Structure formats: structure tokens, C-alpha cells
Amino acid sequence: DQQVKQNSPSLSVQEGRISILNCDYTNSMFDYFLWYKKYPAEGPTFLISISSIKDKNEDGRFTVFLNKSAKHLSLHIVPSQPGDSAVYFCAANAGNMLTFGGGTRLMVKP
Amino acid sequence: NAGVTQTPKFRILKIGQSMTLQCTQDMNHNYMYWYRQDPGMGLKLIYYSVGAGITDKGEVPNGYNVSRSTTEDFPLRLELAAPSQTSVYFCASRSLAGAIETQYFGPGTRLLVL
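Line by line, the protein sequences are chains F and L.
For the numbering used here, add 27 to where a residue sits in the first sequence, where the first one is 1.
For the numbering used here, add 88 to where a residue sits in the second sequence, where the first one is 1.
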């Protein structure tokens, strides 16, 4: 039973356009949500996070939105750049342990 | 600036063989974690440790063992390798006082069990 789901395994976007990556969760005990970016042959690196008491957090080109009632979060990347091409994982925290979604492979075409 | 290092990078094992995946961090972090990532799946927590001498099971501990004799090292042991353990293994660490965002991952060990 997956508590964190990313339903889109892949996403292709043109350079300069917006990328929207989605994530759904089921556990109401999650209190913090994170997005990680992963390049091939490397470990995941932290990208952006949001507390469950907020509904939006912005960092440069990256914005995360949280809809608690829908148990849904999304990552917006504007404008998308070819260097953003990677696998993106959402993760949810409960008790200092992270539960990860399956990942979405983002391809940004020049 | 080593961070979290893992060895080996890649290994092929025969069914029934054993091996130890090494993980070392030089940030004096209390928390250390082992995850596995199967194709198309997210990372699943195998074991974690909150400090030297203290370990606990994660979501998928069966078939693995860990030890934490020092702050720096957190090896993962496979005693009887099975094809289901074919995966990419990531070690991570985080400081006790640090926010959850400060969980740093190693580059991973790719394991193939044939």
C-alpha cells in the first residue's frame, strides 16, 4: 500500500515552459513534504520543502503547493531548463522518517 | 568535502552469497539510513540508526542486517543474497539537530543478484 504516489512516471516539457509534477499521499500524520531531484548514478539531492501548516513555498524557479484537504502536492518549475531534466521524487515525513513516491522523470527539450 | 561515501559502486552476486555494503559519513551526523530503490519505485527504508550502538528496522528489513559501532560508519550486510535483492542501495545521514531537509544521500551501490 503506497502512502505516497506519483502517478506520472514521465513528463516532457519544452524549454521555457512550466513543468508541473504531482504527488498524492494518504497518511494524515505526514507533517512535512519534500521534493528531491536525482540525476543518473547520483544520490537524490534536496530541492524544496513545505510544512503541513503552509500551502505554498517558493524558491527561485521552484514552487511547491500543498492542498491538505485533497492530500495533494505539486512542484512547479518556471521556466523549465534543460538542466532540470532528472527524476523528481516527492517524500513525506512522519517521525523523522521519509516515505518516498515512485518518482517522475522530467525531460526538458531545448 | 566527502559527505556520504558508499562502496562498492557496483557488484554482481550469486544467489546465496553474502556481502557488506559500506557507508561512511564525515559530517558527524547522528542519524544514518539505508534505502533501496527498485526500478520505477521510490526509495524504501531498510534500516536506520539514531546513533552509535542504536539501530532499528525500517519498512523492508528482511534479508538485511546492520551495525553501528561508530558515528561515521553504517554497514549493511546481506547474508544470503536473493534475486529480489537486486536493487540500488542508498545510504543517507542527517544531524540530530538538523532539519529533515539536511538528509544527505550517498551516490548509491548498484547490486545485481544472479
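One or more hints might be untrue.
[Claimed, not checked] Facing chain F, according to a computed beta carbon distance under 7 Å, are these residues of chain L, among others:
hint, residue
1, F98
2, P127
3, M129
4, G130
5, F178
6, E189
7, G194
8, P195
9, G196
10, L199
11, L202
[Claimed, not checked] Derived DSSO-like pairs: lysine-lysine, alpha-carbon spacing no greater than 27 Å straight-line:
hint, chain 1, residue 1, chain 2, residue 2
12, F, K81, L, K97
13, L, K132, L, K97
14, F, K81, F, K136
15, F, K32, L, K132
16, F, K81, F, K32
17, F, K81, F, K98
18, F, K81, F, K95
19, L, K132, F, K95
20, L, K102, F, K64
21, F, K83, F, K32
22, F, K83, F, K95
23, F, K64, F, K83
24, L, K145, F, K32
25, F, K81, F, K64
26, F, K64, F, K95
27, L, K97, F, K64
28, L, K132, L, K145
29, F, K32, F, K136
30, F, K136, F, K95
31, F, K98, L, K102
32, F, K64, F, K32
These are calculated hints, taken from the structure and not from any lab test.
Computed from a prediction, not measured in an experiment: that's the story for all the values here.
Glycine included, each C-beta is placed from N, C-alpha and C at the ideal position.
Against the structure, the hints come out as follows:
1. Of the supplied interface hints, the one on L/F98 is violated, with its beta-carbon coming no nearer than about 10 Å to a beta-carbon of chain F, more than 7 Å.
2. The restraint placing L/P127 at the interface with chain F is violated, with a minimum CB-CB distance near 10 Å, outside the 7 Å limit.
3. Taken as an interface hint, L/M129 checks out: its beta carbon lies about 5 Å from the nearest beta carbon of chain F, inside 7 Å.
4. Here the hint on L/G130 is kept, as its CB sits about 3 Å from the closest CB of chain F, short of 7 Å.
5. Because the beta carbon of L/F178 sits about 5 Å from the nearest beta carbon in chain F, less than 7 Å, this interface hint is met.
6. At about 5 Å, the closest approach between the beta carbon of L/E189 and any beta carbon in chain F falls short of 7 Å, and the interface hint on this residue holds.
7. The restraint placing L/G194 at the interface with chain F holds, with a minimum CB-CB distance near 5 Å, inside the 7 Å limit.
8. Hint status for L/P195 relative to chain F: holds, with the closest Cβ pair at about 5 Å, below 7 Å.
9. Because the smallest distance between the Cβ of L/G196 and any Cβ of chain F comes to about 6 Å, under 7 Å, the interface hint for this residue holds.
10. The criterion of a C-beta within 7 Å of any C-beta in chain F is not met by L/L199, whose closest approach is roughly 14 Å, and the hint is violated.
11. Taking 7 Å as the C-beta cut-off, the interface hint given for L/L202 is violated, the closest approach to chain F being about 21 Å.
12. The hinted pair formed by F/K81 and L/K97 fails the criterion: a straight-line CA distance of about 39 Å is larger than 27 Å.
13. Distance check on the hinted pair: L/K132 and L/K97 sit about 19 Å apart at the alpha-carbon level, within 27 Å; holds.
14. A C-alpha spacing of about 32 Å is found between F/K81 and F/K136, which places the hinted pair above 27 Å, so the restraint is violated.
15. Of the supplied pair hints, the one linking F/K32 and L/K132 holds, its CA atoms being roughly 13 Å apart against a limit of 27 Å.
16. For a cut-off of 27 Å, the pair hint linking F/K81 to F/K32 stands: about 20 Å separates their Cα positions.
17. For the proposed pair F/K81 and F/K98, the alpha carbon gap of about 13 Å is at most 27 Å, so the pair holds.
18. About 9 Å separates the Cα atoms of F/K81 and F/K95, which keeps this hinted pair within 27 Å; it holds.
19. At most 27 Å may separate the alpha-carbon atoms for a hinted pair to count; L/K132 and F/K95 meet this at roughly 24 Å.
20. Of the supplied pair hints, the one linking L/K102 and F/K64 is violated, its CA atoms being roughly 32 Å apart against a limit of 27 Å.
21. Note on F/K83 and F/K32: the hinted pairing holds, with a Cα-Cα distance of about 20 Å set against a maximum of 27 Å.
22. Restraint check for F/K83 and F/K95: the C-alpha separation of about 11 Å stays at or below 27 Å, so the hint holds.
23. Note on F/K64 and F/K83: the hinted pairing holds, with a Cα-Cα distance of about 19 Å set against a maximum of 27 Å.
24. Distance check on the hinted pair: L/K145 and F/K32 sit about 23 Å apart at the alpha-carbon level, within 27 Å; holds.
25. A hinted pair counts as satisfied when its Cα atoms are at most 27 Å apart, and F/K81 with F/K64 qualifies at roughly 22 Å.
26. For the suggested pair F/K64 and F/K95, the alpha carbons sit about 23 Å apart, so the restraint of at most 27 Å is met.
27. A hinted pair counts as satisfied when its Cα atoms are at most 27 Å apart, and L/K97 with F/K64 qualifies at roughly 20 Å.
28. The suggested pairing of L/K132 with L/K145 holds, with an alpha-carbon distance near 11 Å, which does not exceed 27 Å.
29. Between F/K32 and F/K136 the alpha-carbon distance is near 25 Å, which keeps this suggested pair within the 27 Å criterion.
30. At most 27 Å may separate the alpha-carbon atoms for a hinted pair to count; F/K136 and F/K95 exceed this at roughly 32 Å.
31. Under the criterion of a C-alpha separation no larger than 27 Å, the hint pairing F/K98 with L/K102 is inconsistent with the structure, at around 43 Å.
32. Under the criterion of a C-alpha separation no larger than 27 Å, the hint pairing F/K64 with F/K32 is consistent with the structure, at around 16 Å.
Violated hints for the displayed structure, listed by number in ascending order: 1, 2, 10, 11, 12, 14, 20, 30 and 31.
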